[in-house]
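Could you build all of it, start to finish, from the sequences and the hints given here?
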Amino acid sequence: MEEPQILARLMNIFRDIFDEDSIEAVPELSAKDIEGWDSLAHIRLILTIEKAFKIKFATSEVREIENVQGIVSVIKARV
Amino acid sequence: MNPLYTELQRLPRAPRAFPERVKGLGSLNGPVGREIQSLATCGLDLNQLTKLANAICKTRKEGQSLDPLTPFRLAVLSNSTSDMTIPPLVSSAARHGIALEVIQPSYDQVAQEALNPDSKVNRSKPDAVLLALDYRGLPLKLSLGDNEIASTTRIDLSDCSIKKECRGFSAITSKVKSSTNFLSFIEKILSENEKDSGRESGLKPPRCFNPMEF
Chain E
1 MEEPQILARL MNIFRDIFDE DSIEAVPELS AKDIEGWDSL AHIRLILTIE KAFKIKFATS
61 EVREIENVQG IVSVIKARV
Chain B
1 MNPLYTELQR LPRAPRAFPE RVKGLGSLNG PVGREIQSLA TCGLDLNQLT KLANAICKTR
61 KEGQSLDPLT PFRLAVLSNS TSDMTIPPLV SSAARHGIAL EVIQPSYDQV AQEALNPDSK
121 VNRSKPDAVL LALDYRGLPL KLSLGDNEIA STTRIDLSDC SIKKECRGFS AITSKVKSST
181 NFLSFIEKIL SENEKDSGRE SGLKPPRCFN PMEF
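Chains as they are written, first to last, in our numbering: chain E, 1 to 79; chain B, 1 to 214.
There's no promise every hint is true.
To be verified - With a straight-line Cα cutoff of 30 Å, these simulated DSSO-like cross-link-like pairs (lysine-lysine) come out: (1) B:K61 / E:K32; (2) B:K58 / E:K51; (3) E:K32 / B:K58; (4) E:K54 / B:K23; (5) B:K125 / E:K32.
Keep in mind the hints are simulated off the structure, nothing from the lab.
As C-alpha cells, then:
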C-alpha cells in the first residue's frame, strides 16, 4: 500500500476518533496539534488503526510513535 | 474472543448517520433519553461508545433532561487505570434505560476515597460503589510456582485494608450494592469479623481466610 493511500485512510480514522472534520493527516501531525490526543486517545487510535489495517503494533512501536509519519512507517512495513 | 460479544455483533449495526445524530443531541428540544437509548441499542465499537458517552456527559452538564432514562450514580474505585472502561459503561447503561453518571476519583486512591468522609466519592453520594480491584489490591504474596508460599498466602483479618475500606463506605453511604463473588468475599470477611469481635479479650484465635475458597 502506498503512502498517500495510507494517509487517506488515516485521515478518516483521525477525524472519527477526535471528532474533528478539519484534521488533515499530514506526516508531521503530532499529539501537540490535536486537542484530546492524550495517552488514552492514543490507545484508541492504535486499536482502531490495528483493526482497520488488520495489523498489530508492538508495545515498543506504540511508545515510539511521535507523529503520523511514525504510524505510516509501521503500517508500510506490515501491509 | 467471540466478536458476537466483544464487538456487540448481536445488536443491530449502527446507522450511517450515527456521528451526526450524536452531534445533534445537544440541539434537540426536550428530553433526549429516547434518542440516546436508540443510538445505544446499536452494536457500537469503542470509538462510538466513547463518542456517545461524551455526548451524554455533555448533555447532562448542559442541564438537558435525559428522561425517560433512570438516573444512576456509580462511583468506580480502582487500583489500576479504568478510564478506558468508563465510556463503554455509560453508553451500555443507556442501552438498558439507565442514565449512568460515573464518579471517578484519582488513580489508586481507593482507601483515601473510602475512609475520608469528605472525599469526592463520599460527597457525591453514589447509588453504588464499584470496587474494581485486581490482585494488587489484596494482601497476597507473589507465589507463582511456589507451593510453599502459596500455602501460607492467606488474608489476616487484623491487617485487611479492604475490610477497612468497605467499612468506610458502609458507614457513610447507605446504598452500597454488591453482586460479584469478590464482594461476597468481602461481605463474608466483614460478617466473620463481627463474629470474631471477642478476639481482643482472647476468647478466640485470629481467623484467616483463603480467597481461593470463593
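Does the alpha-carbon distance linking E:K32 and B:K58 stay inside the 30 Å limit? Roughly 24 Å between the alpha carbons, so the hint for E:K32 and B:K58 holds.
Holds or violated: B:K58 to E:K51, with C-alpha atoms at most 30 Å apart: 28 Å, holds
Agreement of E:K54 and B:K23 with the hint, judged by alpha carbon distance not exceeding 30 Å: 29 Å, holds
Restraint status (C-alpha distance of B:K125 to E:K32 at most 30 Å): 37 Å, violated
So if I understand the rule, the pair passes when the alpha-carbon distance is 30 Å or less; does B:K61 with E:K32 pass? This hinted pair holds, its Cα atoms lying about 27 Å apart.
When the structure is compared with the earlier hints, a violation turns up for hint 5 alone.
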